[in-house]
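Construct all of the structure, not just a fragment, from the sequences and the given hints.
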Amino acid sequence: MTEIRISGGAVHDPANDVDGEVRDVCLKDGKVVNDVGPDARRIDARGMVVMAGGVDIHAHIAGPKVNAARKLTPDDRRDDPLDRTELLRSGSGGVVPSTFATGYRYSLLGYTTVVEAAAPPLAARHVLSELRDTPMIDKAFLILMGNNQVLFELIRASGGGDSQQLRDAIAWWLDATGGYGVKLVNPGGVERWKQDNGNVHSLDDEVTGFEVTPRQVLEAIGGAVDELGLPHPVHVHANNLGIPGNADTTLDTMRTLSGRQAHFAHLQFHAYGGRPGGQPRSRAPELLEYLGKHPEITADVGQVMFGPAVTMTADAAVSAVLRDLGADKWINQDTEVETGCGIVPYRYRAGNYVHALQWGIGLELFLLGTNPWQVMLSTDHPNGGSFLSYPKLIRLLMDRAFREDQLAGANQRAIRRTALLDGLDREYTLNEIAIITRAAPARRLGLRDKGHLGVGADADVTVYVDRPDREEMFATPRYVIKGGEVAVEEGELRRSDDGLLLSSRAAFDPDVGRVLEPLFGDRYTVAFDHYPVRDPALREPARIVEAAAR
Amino acid sequence: MAELGPFTCAGCGLLCDDVTVDDSGDSVRLAPACDLGSEWFAERRRLSAGAPAATISGEPADVESALARAAELLRGSRRPLMQGFANATVEDARAAVALADRLGALVSIRSPADAWPGAPAVPLRGASTATLGEIRDRSQVVVIWREDPETTHPRLLERLGFGDGSRSERTLAVIDNRDTATTARAGLHLSWPPARDLDALVTLHVLQRGRPAHAGDLSGLMDRISAVPHAAFVYGPGLIGGAGGQRRALALHELVRGLCHDRHVVTLELLPAPGTRSADDVLAWQSGYGTHVDFAGGHPEPVTATAPLDDVDVTLLVESAPDGAAEIALHGLPGGPDVEVWIRTAAAGVSAGGTAHRLDGVPLTLQAPQPDDAPTAAALLTRLLAEIGT
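Quick note, the sequences are listed as chains S and D, same order.
Read in the numbering used here, the first sequence has 582 at position 537, and its numbers run on one by one without any break.
Read in the numbering used here, the second sequence has 1048 at position 207, and its numbers run on one by one without any break.
A few of these clues could be false.
Said to hold, decoys possible - Stretch by stretch, here's where chain S covers chain D in the computed footprint (C-beta under 8 angstroms, at least three residues): (1) 939-950; (2) 976-989; (3) 1199-1205.
Unchecked claim - Computed spacing ranges between beta-carbons, pair by pair: (4) S:A594 / D:E913: 56 to 62 angstroms; (5) S:N61 / D:R916: 50 to 56 angstroms; (6) S:D514 / D:G1165: 57 to 63 angstroms; (7) D:P893 / S:G352: 38 to 44 angstroms; (8) D:L845 / S:F573: 55 to 61 angstroms; (9) S:E251 / D:D1040: 52 to 58 angstroms; (10) D:R1050 / S:D241: 45 to 51 angstroms.
The set of hints was computed from the structure by calculation and includes no laboratory data.
It should be emphasised that the depicted structure is a prediction, and the values quoted were computed from it without experimental measurement.
For glycine and all other residues, C-beta sits at the position ideal for the given N, C-alpha and C.
Here you go:
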C-alpha cells in the first residue's frame, strides 16, 4: 500500500487536542502511523489545513425511499449530469443524486464516512445493494424500530419495559440486516398513520391495538440499546416533528431517556414553541440548556438551507401535512410491520416566515450551544437541503459578516424571534468545525478509528487550502485520502474505491428466533427463514464494530 | 428430485417465498398450489436439460465464441439498445446498466412487446403505495381494476387476505367487462368497457370531493370506500397500458390522493414481468431515472417522449424470451433464427441464486434449488464489459 507523508500542514485534530499545530501526518497500510520511510509520497501541505475525513452522522442516501425520490424528481437532475470517464461511472446529481454521484460528491467534499439514517429492516437487501453502488465512502445504516409491531408485542409482554427478549430481538435484527444502529421515528405515530391516518400527539397516547405508548417504546428500546452497549446509542426522531410547540415533546422525550445515552436527529425540526396550528417560535435555547446539563444526550442540527430540498421521512404523517400545503408531488409508502415513508419535494424560501425561522433556529442551535461535541452538523440531507450545502453552512458559522448579510435577506419577522439579532458574534474556529463535522460524529458513532488523526486511526484525511472564503475552502479540498490512498486531488477524483460497510454486532441468545418466528408468521409476508440477509456479496467487505454490553 | 423448499418462486412478480417443489412424478407440483409457478419451474428445468450452451446464427456454439461475437457486435454498434429484464435479478440489472453506461446504450426496462415508451405517471404527481402485508391486514376494500390476477398472479388474492376463510366484512371489488377467474371471486363486480375508465376515475374523484355527479354504479363503489378507514387499488397494464395510459394512471393517483384526505388509501401495481421491479429500481439508483434511460450522451438522460428507436442497430435482450428479432439474447429460452447470438443463462430461482424485488418493492433472495453450470446474465454481462473495456 502507498505510504504518504502530509507535510507542513496546520493539523486540526480535536479528538487528540491538536489545534492548528503544524506537523506531519504519516499514513501507511491504510492507517495513521508515527512515521514513514524516505520513499513515501510527500504531500506538501504548507499553507493548508489538515483534518480527518468528514463523517456525516445523519443523511438519507440509499434505500427504497431515496430511490422513490429519484423516480419522483427526474427534472431536478436533468441539468446536473455526471459524465462517465475511464475511471468513473456516470450519474445524475441534484438534491437526490444517483448512487455513484452520491459517493463521488461526498468524496469531493472531503467526507469519507456517511450514515444512512433510516432504513426499513425489511428492505435491507435493497439498502445494501444501493450502498454497494455508492463508492468512495464507508457507510452504515440505521434500522427503523420505533413502529415495529413485533417489538411492540415484546414491549407489551414485558409490561412496557426493557427485557432480555427485547435486547436479543434487537441484536438479532442487526445481525439479520447488517445494520449499524437503531433508529426510532415518531415512535407509535407511524403505526397509527398506517392504520387510518392517525398519529400520536403525546408520549402517553396509546398506540391503538398494541397497548403500548411512545414513552414505553422509548424507554424499552432506548434502554435495550443502552444495555446492549451498541457503538451508537439509540438515534431518535422525536414525535411531533415540525409542529409548533413540539419542544415540549422533545424535552419530554429527553427526560424519558434520562440517564441513557441517546442521539437526537435534526433537532431544529423539534425546537419549536407556539401552539399546534399557530405560528412557531424558537425554543432552541431551552433545548440547549437541557443538553448542557445532560452530556449523555447529543444531537445533529438538521439545518435548513434556502433553496431546493426533498423531504423524505419514515414519519409519513409529516409528508401528508406538506402535501396539504400544496405540494405538487407526494409519495406515501407503507412497509408492513415496520414503518412508513413520505416524500415531498420542497423549497425553503428566505422570505417565508416559517422557513426563515427554521433557518434561524438551526443557527441558534449551532451558535448558542457551548459544547460542539454535543451538537453536530447535518442538514438531514436532503430534507433541509443537499449535503452539497455543507460548505455554505460552515461559512455561516465561521464568518459573522457573511451570516449577517444572509440574515438581512431573510424574513425579518422570523429572525426577530430568534437570538440571531442579539449581538450574536460567535464565529466557529477551524477546530470547532473539525469537531462538528468529523470528531464528534465519529465518537458518537463509536467509530474509534475515524474522526481523528492519532496513530492507529483510519488513513482518511482531508487537506484544505486555508482560504478566507470558508465556503470555497470547504467546497474544494485540495486532497482527500481514503484508506491511505489519494482519492481526490486538485478537485478531481483520482481513483474509485468501493468503501466499506460498517455494521455492529451484539451477542444474543439464538433461541430468540423461537420467540420471533411465530410473531413474524402472523404479520410479515416474507418467511422468517428468508428474512435475514446472508449473501456475502451484500454484506462484505465490511467492518464489524462489536458492542460492549454494560 | 424429491421435495425441495421452501424457496422463492420467481414465476411472477409476487415472489412467493414459501414454496416447496415436488417433481418426482410426471409433472412439477408446487405447494401451495400454483399452476403458473409449476409451469414456470417445469419449463426452466426442461430447458436447462440438453439445451446448447449458446448459438451463433442458430448454430450451436461454445460460450466463449458467443461472447466474443456478442462483444464484436456491441463494439461495432452505433446505437445499442438493452431491453427486456423480464426475469432479471438485481445483479443482472446492475451488470447490464454498467455495460450500458460504458457503451452509451439505450436501456428500456420493458419487454419488446410492451408499449414504447409508456412514460410513467408517478414522476408527475407521486403515488401512495404499500407492501402486500399492509393491504392484507388493513384494507377493508380492495379494488382490482381491469386485471385478472387469478391468472397472472395466481396467489395474489390469497396473499391479500382473500383466501379461504378470509374475513367476510372485507370487500373485493373488481372492475372488468370480461368474465375472468378474478371477477368470479368479486364481492362487487362492476363492468364497463376500457374506454370508460378515465371518465370513471374522474367521476369517482368528483364524488370524493362531495360534488354531485351522474355516477350510476360508481356511487356504490364510492359508498363502500367511504365507509372504511383503509382501502387499496390494484392496477396494471389493463388500466394504464396502451394509448392514454399515462392519463389514466394520473387520474388514478389523483383520485387516491383525494381519498387520502379522509382515510388511508394505497395502490399496488401489477407489473408486466417478475424482473421489472428489480431492473427499474437498479436503473433508478444507478442513473437517477427509471424505466427508459439513454446513456448515449455520456451520462444518463430519461427518455419520456417518443423514443429514437429507428437507429438502433444492436439489441441486447437481457433475461427476456427472445421471441422476436434481436442481435444478442441472454436467457434460458433458446433464441430463434432472428437471434444472432444467444447464450443460455441459468434461471434465477431455479438454477441460480440472486436478489429480486417483489412487485411491491420488498427485496428477497432467490435460491437455486437445482444449480447447473450455465452462467447468470450478470456474469455474462460482466464478461462483456471486461471484453469491451479492453
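Taking the beta carbons of L845 of chain D and F573 of chain S, is their distance inside 55 to 61 angstroms? Because 18 angstroms falls outside the window, the suggested range is violated.
G1165 of chain D and D514 of chain S - C-beta distance against the hinted 57 to 63 angstroms: 59 angstroms, holds
Look at the Cβ atoms of A594 of chain S and E913 of chain D and judge whether their distance stays inside 56 to 62 angstroms. 60 angstroms Cβ-Cβ, so the 56 to 62 angstroms window holds.
Under 8 angstroms between beta-carbons, do enough residues of the stretch 1199-1205 of chain D, three at least, approach chain S for the coverage claim to hold? holds (count 4)
Per the hint of 38 to 44 angstroms, is the separation of the Cβ atoms of P893 of chain D and G352 of chain S within bounds? For P893 of chain D and G352 of chain S the Cβ distance comes to about 58 angstroms; the hint is violated.
At least three residues with a C-beta closer than 8 angstroms to a C-beta of chain S: is that true for the stretch 976-989 of chain D? holds (count 3)
50 to 56 angstroms as the expected CB spacing between R916 of chain D and N61 of chain S, which holds or is violated: 54 angstroms, holds
Is it true that the C-beta distance of E251 of chain S to D1040 of chain D lies inside 52 to 58 angstroms, as the hint says? 44 angstroms, violated
Between the stretch 939-950 of chain D and chain S, see if three or more residues pass the 8 angstroms beta-carbon test, and mark the coverage as holds or violated. Coverage by chain S holds for the stretch 939-950 of chain D (3 residues, Cβ < 8 angstroms).
Given the range 45 to 51 angstroms, decide if the beta-carbon distance of R1050 of chain D to D241 of chain S lies inside it. Given a distance of about 20 angstroms, which is not inside 45 to 51 angstroms, the answer is violated.
Going through the hint list in order, the structure does not satisfy hints 7, 8, 9, 10.
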